[in-house]
Amino acid sequence: MSQISSAPSLSALQFRDFNRRLALAFGAVILVLMTVVLLAGNFLLQRVVNQEEEKLSTLLTGVLAESVSRIGFSGKYQARLLLEEIHKRHPNIRYLLIASADGRILAHSDPAQNDQRLPPEIQASNLEVMRTQTPDTRTITYQGESLREVTLPYQAGFDHAVQGTIQVGLSEASRTAAIRQGGMLIALLVVGLMTIGIVLVRTLSRRFGRPLRILANDLQATLQAVPDILFEFDRSGRYLRIAAQDDKLLARHREELIGQLVHDVLPRPAADTLLAAIDEAAENGSSHGKQVAFELPDGTHWFELSVARKRAVTGQGHTFIVLSRDISERHAAHLQGLLATNVFESSREGIMVTDPQHRIIRVNPALCRLSGYSADELLGQTPSILLSRQRSTDTYSSIEQALFARGYWQGETWNRHKDGSEYPLLLSVNAIRDDLGNILHYVSFHADISGLKASEAKLEHMAHHDALTGLGNRLLLHIRLEHALSRAQREGSGLALLMLDLDHFKDINDSFGHAIGDALLQQIATRLSQRIRGADTVSRLGGDEFTILIEELDHPDDAAKLAEDITQLIEQTIELPNGSEVAVGCSIGIALYPEHGNSMAELLQQADAALYRAKAEGRGRYQFFTERLTQEARQRIALETRLRRAVSNQELRLHFQPQIDTQSGRIVGAEALVRWLDPEQGLMPPGDFIPLAEQSNLIVPLGDWVLQETCRQGRAWIDAGLPPLTLAVNVSSRQFHYGNLVDKVSTALATSGFPAEYLELELTEGVLMQHNQDVSHTLSKIRALGVRIAVDDFGTGYSSLAYLKAFPLDVLKIDRSFVRDIPHHEDDTEIAATIIAMAHTLRLKVLAEGVETPEQLAFLRAQGCDYYQGFLTSRPLPADAFAEFVLSQG
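Heads up, the sequence shown stops at 890 in our numbering, and the numbers go up one at a time, no gaps.
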């Protein structure tokens, strides 16, 4: 082991060799000098005594120096005890003391003198002894007795940095008596001089050497037993000395460390901490408890530092002894304990610890919150206090059996709250064993899964039910229908699938808004649910489409009777949340098992085909499926497919119906009407494909094409020299609300160069009845472009003076249904006259549609109607024919 001290570390063997050599030396000297012993005996004996004193002092210096080097760590106390023990055992030694370089008594055989200061004259003499490293002997008077005081220097620590003096006060009377007795013995017993000398040496060895040998051996064993590393640093943090049993704990090889600064060796945080400890020791004498960490080849190590200040013998200033103790395992255990405590206390899952007898010894706050019990109420109880008595009667015994067999158990169970309520729980229990396999504790983790169970139930409901109405959705219908078909096939029974669609629901949705439409659907769902049997299923497929599954159908007439009841039920007036009352009807398609299909897909398809036929035949009725309906459904699908290609394949055409000034007969404009030149069916009127376009959302791209083509054609006519004419374009509700209409109108005008003041957009009453900020904002933007706005088919919807006044309108178009029977039908004449008068009062122009007879024109002219259009003047014409017609009219 590396040693800090420069004094010899003596073992018992070294002491025995020394005794033998000393005895032989004395015998030889006595034989040679036997003839002259009478003349020189006294001188030689005195010399021998002096040498023994010096050797005794040297031994004391070596052993006590080891203690002095550890004065900062507990050596001071042991040194003091040692001096006191020597003083007691050796009466001829009147006192012993160890003094530091600055004159402070570190240890004294008289405890009262400890930590006192040496007199200045003695301190000056001691400094000379330390400087010359030469022992000093002088005679003094101590407590009335003449003593011989021997002062010896000592050096200890790293590079002999710890210096001081050891002073021994020997009685002169004892020495004088020894010399006198020795001379008499030499004179009288020359022959026995060698024997006496040997006996004397051995006596001295026994009296002074044995305690020193014991002390040396103890100190050496202590240093070897200490696993800590000892360093000596100067004030700047430079390595001076190192004593370490294991070089693996050094940042570098010790030869590389000597002379280096800590900042050049250790990471900055560790170096800063060490220098802070040295600073603290420089100010206070010592520093304890600071910790540093840095990487070694086998990983990160933590060290605890204890620092003591010492002064160098040369007077070059303080150096510092640093004891570095490896506390890596203790630090890791502390972190693990801290982590375990934090996890236990902060876990959101309840944690319970029991002893091997299942008595609760610890619970965390989460378990207390979960169970409603305080920790004091649970400690000492068994976990069965928490188990549900109704739902978990066998759980406790199952857990015990699993723990005995496997050492763990996990599963779902039910616990009982302190208030008696019960909650679902995911429970995990583990047995904790020692190295011998003995059970120390049981640890259980309690996770409340009430929210998870509720979420599962909610998701289950959401997956199979409509969010708006609470009725079953398409998925639930499929499950119930598959089950019903399987049952019907086993039992040979029948069933019916009714598919229901509300009539004119789109008008209500457009007029009053989606929120009102949703409220209407909810009331319809409530009526349907109240009408059917518990065994039947009502589902909402989406929009205003519902289905009713009737199981155990005895006769098709039962399905027809239910359809009639539902039709009458739906037709009853419904009060909406906005205070309005509306009446809607419904159309119903019916498919029967086994007559119309044997699978779910067939029944759904057939019911849908029957529903379409019921709507086509006038709505407000039901229709059973036939093969003819299937063929028509297939034709509709094929037609929709071709219509999707019509725009890109340039199969659409525009026809224009002239609009005539009633008074002058001059052509003032035209309404653009789309036609489809289908490769399979030829030119198709709008009534054959516009409803399909609205159902399939094709109305938006189709309407965009009409708008762009109308503006392009209008610009071409102007460039060809035709007089400017107002061109009217129909805008659907979907196109208005979801088609980004303002931007598309602006783009069409800019691209074509058609003047905005000659473009007129025709809107239905349904669009305007949805009186909200979006409608008003859109209309204002359109008017800001310079485009005119007309209300088409006025009088057929929810006519209101409020929107006529509120919105920026230009023209009212009287629907052809009010013109057809003029002048023969009094009601129609009064309605037409009223519309014209009202419009003029609001400073709006009026255009009558469907004028086919001179009598109708005469009546309208007499009432002041501004414009008209109809077969009386011309049918809708292709663009070229329309241009020729305009030119022919002059």
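FYI, nobody ran anything at the bench for these hints, they're computed from the structure. Because the structure is a prediction, the values reported are computed rather than measured. Each residue gets a CB set at the ideal place from its N, CA and C atoms; glycine is no exception. Hints may be right or wrong, so weigh each one.
Keeping only pairs whose Cα atoms sit at most 30 Å apart, straight-line, the calculated DSSO-like set for lysine-lysine is [stated by the list, open to error]:
#, residue 1, residue 2
1, Lys-458, Lys-561
2, Lys-615, Lys-506
3, Lys-781, Lys-805
4, Lys-506, Lys-781
5, Lys-506, Lys-561
6, Lys-506, Lys-744
7, Lys-248, Lys-290
8, Lys-453, Lys-418
9, Lys-744, Lys-845
10, Lys-506, Lys-290
11, Lys-615, Lys-561
12, Lys-506, Lys-845
13, Lys-506, Lys-453
14, Lys-805, Lys-845
15, Lys-418, Lys-458
16, Lys-805, Lys-744
Estimated spans, in silico, between C-beta atoms of each pair [unchecked claim]:
#, residue 1, residue 2, range
17, Glu-482, Asp-880, 53 to 61 Å
18, Met-462, Arg-527, 19 to 27 Å
19, Tyr-396, Gly-492, 15 to 23 Å
20, Pro-685, Ala-638, 27 to 35 Å
21, Pro-685, Arg-820, 15 to 23 Å
22, Lys-88, Ala-293, 26 to 34 Å
23, Arg-254, Gly-289, 20 to 28 Å
24, Ala-112, Arg-268, 45 to 53 Å
25, Gly-542, Glu-852, 22 to 30 Å
26, Glu-482, Gly-786, 57 to 65 Å
27, Glu-884, Asp-518, 25 to 33 Å
28, Glu-852, Ala-467, 45 to 53 Å
Here is what the structure says about each hint:
For the suggested pair Lys-458 and Lys-561, the alpha carbons sit about 36 Å apart, so the restraint of at most 30 Å is broken. About 14 Å separates the Cα atoms of Lys-615 and Lys-506, which keeps this hinted pair within 30 Å; it holds. A hinted pair counts as satisfied when its Cα atoms are at most 30 Å apart, and Lys-781 with Lys-805 qualifies at roughly 17 Å. Taken as a hint, the Lys-506 and Lys-781 pair is honoured in the structure, with Cα atoms around 25 Å apart against an allowance of 30 Å.
Restraint check for Lys-506 and Lys-561: the C-alpha separation of about 27 Å stays at or below 30 Å, so the hint holds. In summary, the hint linking Lys-506 to Lys-744 is supported, as the alpha carbons are separated by about 24 Å, within the 30 Å threshold. For the hint pairing Lys-248 with Lys-290, the CA-to-CA distance comes to about 21 Å; that is within 30 Å, so the pair holds. Among the hinted pairs, Lys-453 with Lys-418 is consistent with the structure: their alpha-carbon atoms are about 21 Å apart, no more than 30 Å.
Pair hint Lys-744 plus Lys-845 holds up; C-alpha atoms about 26 Å apart against a cutoff of 30 Å. Between Lys-506 and Lys-290 the CA atoms are separated by roughly 81 Å; this puts the pair beyond 30 Å, and the hint is violated. Taking the CA atoms of Lys-615 and Lys-561, the gap is near 19 Å; set against the 30 Å cutoff, the hint holds. About 29 Å separates the Cα atoms of Lys-506 and Lys-845, which keeps this hinted pair within 30 Å; it holds.
The hinted pair formed by Lys-506 and Lys-453 fails the criterion: a straight-line CA distance of about 40 Å is larger than 30 Å. Simply put, Lys-805 and Lys-845 have alpha-carbon atoms about 14 Å apart, close enough for the 30 Å limit, and the pair holds. Straight-line distance between C-alpha atoms of Lys-418 and Lys-458 comes to about 27 Å, which keeps the hinted pair within the 30 Å bound. Between Lys-805 and Lys-744 the alpha-carbon distance is near 26 Å, which keeps this suggested pair within the 30 Å criterion.
Restraint check, Glu-482 to Asp-880: a C-beta distance of roughly 59 Å satisfies the suggested window 53 to 61 Å. Under the hint 19 to 27 Å, the C-beta atoms of Met-462 and Arg-527, about 23 Å apart, fit the expected range. A C-beta distance of roughly 51 Å is found between Tyr-396 and Gly-492, which places it outside the suggested range of 15 to 23 Å. Taking the beta carbon of each, Pro-685 and Ala-638 are about 18 Å apart, not inside 27 to 35 Å as hinted.
Range check, Pro-685 to Arg-820: Cβ separation about 18 Å, and the 15 to 23 Å hint holds. About 48 Å separates the C-beta atoms of Lys-88 and Ala-293, a value inconsistent with the hinted range of 26 to 34 Å. Look at Arg-254 against Gly-289: about 25 Å separates their beta carbons, and that is inside 20 to 28 Å. For Ala-112 and Arg-268, the Cβ-Cβ distance of about 49 Å falls inside the hinted range of 45 to 53 Å, so the restraint holds.
The hint said 22 to 30 Å for the Cβ distance between Gly-542 and Glu-852, and at roughly 42 Å that hint is violated. At about 60 Å, the CB distance of Glu-482 to Gly-786 agrees with the hint of 57 to 65 Å. For the pair Glu-884 and Asp-518, the beta carbons lie near 52 Å from each other, so the given range of 25 to 33 Å is not met. Between Glu-852 and Ala-467 the Cβ separation comes to about 51 Å, which falls inside the hinted range of 45 to 53 Å.
Of the numbered hints listed earlier, those contradicted by the structure are 1, 10, 13, 19, 20, 22, 25, 27.
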